[in-house]
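Participant: The chain contents come next:
Protein chains: 2
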Amino acid sequence: MSALNYLDAELARASFNVEPVRHMLHGGKQHYDNYKKWHKLFDIDLFDTTDDAFLTREDRMRLGVKRALASIDIMKKNKDLLAAHSPVHGEGGLSAGRITGNHSGVSDHFALFVSTIMSQGSPDQVRTWLPKALNLEILGTYAQTELGHGTNVRGLETTATFDPTTDQFTVNMPEITAMKWWPGGLGLLSTHAIIYARLIVKEKDLGYHAFMVQIRDEHHKALPGIEVGDIGPKMGNPALDSGYLYIRNVQIPRFHMFARFQQLSKDGTYTPAPAHLSKIAYMTMMKTRVMLSLGAAYALAKGLTVALRYNAFRKQGFIDSKKGRAGGEMVILDYPVQQWRLVPLIATSWAIAFAGFQLRDILTAFEAGVKAAGKDVSKIDTSMLPELHATSAGLKAFGTEAAINGIEEARRCCGGQGYALSSGIAQHAADYLPAVTYEGDRLPMALQTARALVGVLAGRMKAEGSFAYLKDADDVAFSEAFNLPHLLGVLATCARRAVAAAGQVLMEGRGSGLSADAAWNAAHVPLFTAASIHTQQYMLRCFVKGLDRVPEAARPAFSRLAMLFGLTKLGEISCEFSHMTLAGAKVIDEGVRKLLSDLRPDVVALIESWGISDRQLGSCIARSDGKIYEAVYAWAQRSPLNRPAYVEQLHKETIGKHVNRDLLRQGAAKL
Amino acid sequence: MSALNYLDAELARASFNVEPVRHMLHGGKQHYDNYKKWHKLFDIDLFDTTDDAFLTREDRMRLGVKRALASIDIMKKNKDLLAAHSPVHGEGGLSAGRITGNHSGVSDHFALFVSTIMSQGSPDQVRTWLPKALNLEILGTYAQTELGHGTNVRGLETTATFDPTTDQFTVNMPEITAMKWWPGGLGLLSTHAIIYARLIVKEKDLGYHAFMVQIRDEHHKALPGIEVGDIGPKMGNPALDSGYLYIRNVQIPRFHMFARFQQLSKDGTYTPAPAHLSKIAYMTMMKTRVMLSLGAAYALAKGLTVALRYNAFRKQGFIDSKKGRAGGEMVILDYPVQQWRLVPLIATSWAIAFAGFQLRDILTAFEAGVKAAGKDVSKIDTSMLPELHATSAGLKAFGTEAAINGIEEARRCCGGQGYALSSGIAQHAADYLPAVTYEGDRLPMALQTARALVGVLAGRMKAEGSFAYLKDADDVAFSEAFNLPHLLGVLATCARRAVAAAGQVLMEGRGSGLSADAAWNAAHVPLFTAASIHTQQYMLRCFVKGLDRVPEAARPAFSRLAMLFGLTKLGEISCEFSHMTLAGAKVIDEGVRKLLSDLRPDVVALIESWGISDRQLGSCIARSDGKIYEAVYAWAQRSPLNRPAYVEQLHKETIGKHVNRDLLRQGAAKL
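Order-wise, the sequence lines are chains W and X.
Position 28 of the first sequence, counting from 1, maps to 28 under our numbering, and the rest follow consecutively.
Position 111 of the second sequence, counting from 1, maps to 111 under our numbering, and the rest follow consecutively.
Treat each hint with caution, since some may be false.
Which copy? The list can't say, so a pair holds if one copy fits it or any two copies do.
With a Cα cut of at most 30 Å, we get these calculated DSSO-like pairs of lysine-lysine [stated by the list, open to error]: (1) 202 with 323; (2) 657 with 132; (3) 77 with 287; (4) 79 with 36; (5) 322 with 462; (6) 66 with 37; (7) 657 with 40; (8) 40 with 287; (9) 322 with 204; (10) 657 with 221; (11) 76 with 371; (12) 79 with 657; (13) 375 with 132; (14) 322 with 202; (15) 66 with 652; (16) 657 with 66.
It is worth saying that the hints were derived from the structure and are not from the lab.
None of these values were measured; they are calculated from a predicted model.
Could you build the full structure based on these sequences and the hints that come with them?
Facilitator: Here you go:
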């Protein structure tokens, strides 16, 4: 055994020190130091998730809620530290959630219920509801999706019918398909729900609106006309009480329709949202998408931290097959094929992150502009919003998908151990799966991006910001002497071709007599492809730009990583758009091989630059102290199925009725 | 509502009847009818898995073992039916396991312990152990993998040291890394284990051998020197007691070394296996791989049956966005993009199946040859075995991988519902994940195929059987007027190029002074690619050949499906090997679009041809009666977390301490 353990040895051989990169990631050393202090507050036994897998779902739910409440206590006691600690990990409970890895209905209360009150409530409503919500006097959820209706919000069946004589709405779900389905926190915890329903006034359908509905009473029993419960276990997120809600003809006061953007008066007069306000509403949505994209980068990095550590620790296969055991075994990360599987994923985690940073910076600047404009909303420059909206949709769609697929590949790179829940990465993979669906499914989100892209083609949208490259005229052909600006030009060329091809299919559809809807549906595949390539080139663009932020010592390694991202993405594009030649494909192959080889000393440092802790990983196979097999063994011994009473009972009830006790008593020698 | 439910309507619009295809799949109508009778025997409540997700792992384990024992009872009582019912679903317990979807240690007892006794035991050993094992007087497991050693069997640390003075072996595991890890049935159930250990005789290491070891006594307690237990929960397979085994200096008699192929005499003289017998041992391994490949086709088809049914049922998105709700909603399977995601996977399930059938037929013929040769083993023609060995390794590697990835994509195609355990497909996806690892991890398996492929190039192996195409000289360039023979030629050309490229990288490695091992490792990526393309073309070859078996009415649809398989696989190959042109890529795109459109009426029939039942699916979202939302709702209501006592307790312990009861008592109107 050498003086350094496997992890320290990997960090020692790297060409750069990870600490300055972590500072960069957190927006400076001061922020990072605050983050470390903040992190320490959660370093208590309550937040140790390693043995969670031994619990029943009932107990995991209970524990999850207790952890969430304890997190809130910590946050309340350390507000200054929380506010100061890091611009990367976002505001509020997000940072605590990321450290504890805990997802309960209480998180959704803050992330969705509280934030909706803030973003959609009128000043009166905010005054009435917000303090109580922040103080947990009421606990709420956000209920939009119905059992029969997800993405198509306009198809919602729940109605809120206004009766001017009582000044109330009647909320009703006519069929079981109208039941609210999925909201976290709804199943067991919430006293209130913000529900989406079609507003009906004087028999006119005014489209979907948000309403505040109390669902449980002071004894936590469902109110009359309301049925509410947990939807049952899912693949992951055992501590999240995803719920269903069935409301039949329940009255709520007019005040409970969210009224920041639109209002309904006592006599039933409806005032729709003014245009400029709906653009600010856009912003909330975009912030959520950017947050989810940064979350995707983090989630992927977390999975990769487990995989890289285990791959740097685990040995398998003789170094010299003739010498056999005497010649020692290979560290599996030293196999080029493992590097080929893992390192492009590290590149992806950083590419998503840099793209997320860029969008976050633009949004921050926009928010500052909104603030500066004050009440004079006409001063707000909203021209970049449509493009930003489209780009953030694509980043959410492809970022979360890349993260899910990457985590799964990282899990498989851990061999059998990646399947055991002691690995941490197995639970992480299962928990993260729905990210590709929630807040906007991958496909419709990607199609939003595509709609803007073909809109630029058709002149309906300006070729500005992240779309500016669409108006460039010069194609860049991939060449042997590739570098980052060149690769960016090549990917941009591919994206332009894919957008043009999708536009062509759309036009042909219309030309052949299809309706606008039918032509759009028929062109989904090329549109989806166009959005995908656009988003890959956008990520590379942001990665290249982000290199400026990277500490100088780490820049060569990060530049190689960006190049690897560009080359592998280019290799995945159909030659219909890349116009790739046989020679070019060989250049990519060789380029990737060379980059992987050059990057080998840095790969662990590149993922450890994320600075994800043992506590956050909750993994036996990624322990920084190297006691990996010991931890896996000790974990197995603690499995509740090993309790002697359980084994005895199981044996008695089942196979004990078959086995031949006499034979077994004789022992091995006599059989 | 139309007269036909969603599923019957889909089957009614198809161009063929599924029943004759099901007969083909089962090897004839008689076999199929027997299968149906057999299936009915398991159609009892005990095997209803729909609510399994509500149980603790402790209870799922208990239930799994009870189901396994009940299956054995059914099998014992209906041996004739079992033997007669189907050549597709294999022999023994496999068929029952497939109907019940139950994987417990008892299954592994039969699949691994019993079969190893049969394949590796000497006549004496078989006589001694087999009847007891078949009768469950002893229950066993197969323990090869160690905590620190998986794929590299030669690296195993466990030793069995022979002492001629006592005529016994001392079995020992020197470190925790030598512990046996993973075997199903080991954790809780087994009385015996077949363990792999390095045989040491007179201080000489004779390599790994199999030994029979009793591990638990008549009270089901671990014997002295032995520690044994469950390794704890995994992502899936909750009823499988994957276990660990730690043996420290335990004596076993010489008789317990498996002695069919090699023997050790009382004085320590070792007789190695004669060459021809090791070739027959090959056969067992190949049969397992072919069984796993057919299992992959079935597993994928099962996931797809859920997805296709739900996609044919679920509506989302207005048909006419202007008319809105009044114009009705789209069945999601009518979106070209959903067809694009799902239908190539249906093609893959059949491609794997036809390849599996072909290999199975060759093995059956070989077995008949072995039988016919009797004791005159020199008469056995073993010339095709190396090639068959390599091809079956590739089919196992890429077949299981395609199945895992395809099931996951099918799951995502079910939207949010695919994440809930009520869907059946969520548990199925988690349970099937390890198939890509067990019995040979994807990578080393693929590399076995690659070793044979470059062996053919180098003249070390004959270009026969599935390798015959490697000696063809003429390249086939993809052309617009593609058909099946043409596509096959194109894929074969791609495979030849990829094999040549991998050989080139290998040679260059050696030329640059690398050792054979190092050059091999450095060439892993191109070797892996070559094995992949070879296997895809092999699957297409078998698919095309298999069309002869398909009932005439279904042949046009199946031919389109084979074409779709070929085109989509071709599209995934790097143009380094496909030499794809821009025009060619467009032809693929358009060809796929046209095929998907032509196949639309048949897609549900193509998957229902597998004939997988509601019972086998255990899914609320794939019910053939169309009561899907009702089932999902009823399932949620049965979730144990909805028990009033649980909700009350959770509330009291957690958020009940925060909520404002006075406020909640006032009710919604007053907030």
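Participant: So, against the hints stated earlier in the document, which numbers end up violated here?
Facilitator: Checked against the structure, no hint fails, so every one of them is satisfied.
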